[in-house]
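Asker: Protein sequences appear in the order of chains A and B. FYI, the numbering for the first sequence is 1 to 368, going by the working numbering. FYI, the numbering for the second sequence is 1001 to 1368, going by the working numbering.
Each statement offered as a hint is correct.
Restricting the straight-line Cα-Cα distance to at most 30 Å, the calculated cross-link-like pairs of lysine-lysine (DSBU-like) are:
#, chain 1, residue 1, chain 2, residue 2
1, B, K1303, A, K322
2, A, K118, B, K1118
3, B, K1320, B, K1085
4, B, K1118, B, K1271
5, B, K1113, A, K118
6, A, K113, B, K1118
7, A, K303, A, K322
8, A, K303, B, K1322
9, B, K1113, A, K113
For the record, the hints were derived by calculation from the structure and aren't laboratory data. This one's a predicted model, so the numbers in the text were calculated from it and none came from an experiment.
There are 2 protein chains.
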Amino acid sequence: MAEPSSSKPAVPLLKDELDIVIPTIRNLDFLEMWRPFFEPYHLIIVQDGDPNRTIKVPDGFDYELYNRNDINRILGPKASCISFKDSACRCFGYMVSKKKYIYTIDDDCFVAKDPSGKDINALEQHIKNLLCPSTPFFFNTLYDPYRAGADFVRGYPFSLREGAPTAVSHGLWLNIPDYDAPTQLVKPLERNTRYVDAVLTIPKGTLFPMCGMNLAFDRQLIGPAMYFGLMGDGQPIGRYDDMWAGWCVKVICDHLGLGVKTGLPYIWHSKASNPFVNLKKEYKGIFWQEEIIPFFQSATIPKECTSVQKCYIELSKQVKEKLGAVDPYFTKLADAMVTWIEAWDELNSTTSEEASSKSANGGAAATK
Amino acid sequence: MAEPSSSKPAVPLLKDELDIVIPTIRNLDFLEMWRPFFEPYHLIIVQDGDPNRTIKVPDGFDYELYNRNDINRILGPKASCISFKDSACRCFGYMVSKKKYIYTIDDDCFVAKDPSGKDINALEQHIKNLLCPSTPFFFNTLYDPYRAGADFVRGYPFSLREGAPTAVSHGLWLNIPDYDAPTQLVKPLERNTRYVDAVLTIPKGTLFPMCGMNLAFDRQLIGPAMYFGLMGDGQPIGRYDDMWAGWCVKVICDHLGLGVKTGLPYIWHSKASNPFVNLKKEYKGIFWQEEIIPFFQSATIPKECTSVQKCYIELSKQVKEKLGAVDPYFTKLADAMVTWIEAWDELNSTTSEEASSKSANGGAAATK
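Just chain A, with the same shape it has in the complex (with noise of 0.2 Å):
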């Protein structure tokens, strides 16, 4: 219940058990800005694109990095699960992680300022979210009720005031707002400049648009539900990949009854994406997205998937079922979801010793 600060902590919150992941393609000089927030924590680098380009991660951070023909090496015919020529590549990260949290930033992001002029530690903002509790069953009007200076108003019921575990940790962005392809048409100045000073649980039943610029999770409560689905190379859809992804997660962290918080802390969102080239990216999933979410808001999971990935599979049925019909697309991104559920567990099925020994013994092409 410690004040959210920027200040750096003496030793960074959990340094050993939460890794970054960075999907790119090109030079890493944007962690330059991060160092003295990202410097302790190992960082998993997914190089999307030509695997013969060198991918330069500046001096003094610890890394490891995929190309896709790691990828490729790793996975064997599952690899075809992971996306190619899009940053939806960014969830083998999550796969190949030993780690108990995720956190996840793109390399257009740079550090934003809090309104004192501050800079803001994104990384540490994310943690206290993912360590403290949520509130997703009933509402409380002051927002974080764990935050200090706060705590549940009046008529807030005290059986639910334990809260629920934290899933997810959604983070926002100054400057350049995550828009679709038409709002960056008709809105190409439009600069995101509040700084709302909340952190809040999405509520169970409810869901939102998850962005995956700035996003934090704890993979052993959801890891196996951040698939970022089927994208880019070969696909008929981009730019939807954390949307699948949120869809997916709120519908079993809702199950599960684990929370999933939106708000603090924001990046620094540096440069708008070509909306020209969004909308070809986009076009059918801005169509899709009309029967994909009421498919998802009447979603039900039975009972007895008490587990992440019998949920995910569960989930992967009624897609083949109820979306196949939508478009072929969907047929074989549920397809897809069972192959990353069975990726998932021949990486993650080992101790967290072996794991690691493994990785080191030729999981990563370049580690420093």
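Starting from the structure of chain A, add chain B where the hints point.
Answerer: Showing chain B alone in chain A's frame:
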């Protein structure tokens, strides 16, 4: 979509379409501070307690005042549904109003300042909240998408971007937070100093603790559900008037496709009520709410209920049937809910012209 601002608009918004309802037992000196914002509007003052006491209202305000004798005279035997010696009596003001909108505020609430030090025109922000749509069916991570500088984010279904009509605007409090007696006792010095610059829609299917201290609503859309129950004198419970209304209102808004917002504007809540007195009023509610909230969470209203009145009568039946077993109080409350609707319809069945002449001919005891 105008930017919310705390400046005084040239022509006060909804000047002839909004009443300000104030329950009180004391002279209304607090209105001096609100003069720049409230003076153009009509006030409905509901005097609680001893009807022989004279309530002084600062010069220049346009008001009508009702004491217990007036309530008894106007409602006859149906006056039994209006609480006595409890601020729940304020809902009589909602009933006698002939306007489309209501703002209600407690007499210990003062003008708060925004982070720039400017006085907050709470009423103006409530009106903006009510006049612009809500988004109850899907969560927007950048909060109110209709606010200047914001929009719907990527992944928000386009079919839902029209939003839903807003029925309720729930404002918050700086300084003394709205805590229950146990929390007041445990944290006597806690003050709310955090200004969260956001208005958000409480999603469909999610209940919230509605506080009556700083609340606005659309009478035409939801008025008959804004019953503050049986509290205070002769009742086993107090301080649950607004909570009761909030649960009923939210269930009915969800059924009718109406929106409920919370967040801005803040008022400055000047003094904490006595926690020992509050504990005596609240303790049954603290126990009962553990059964009441699950009741409301699972309550469903049949499709045939297409008006607020029909929904409310249906809810009263379910209260009697399902909460009657918790305590005989709920049987009495269910009957009072029916009486309230009968009284509401009696006072609101005439046209607005007839109504104002009726009111002028003896509705109010004191009109200035």
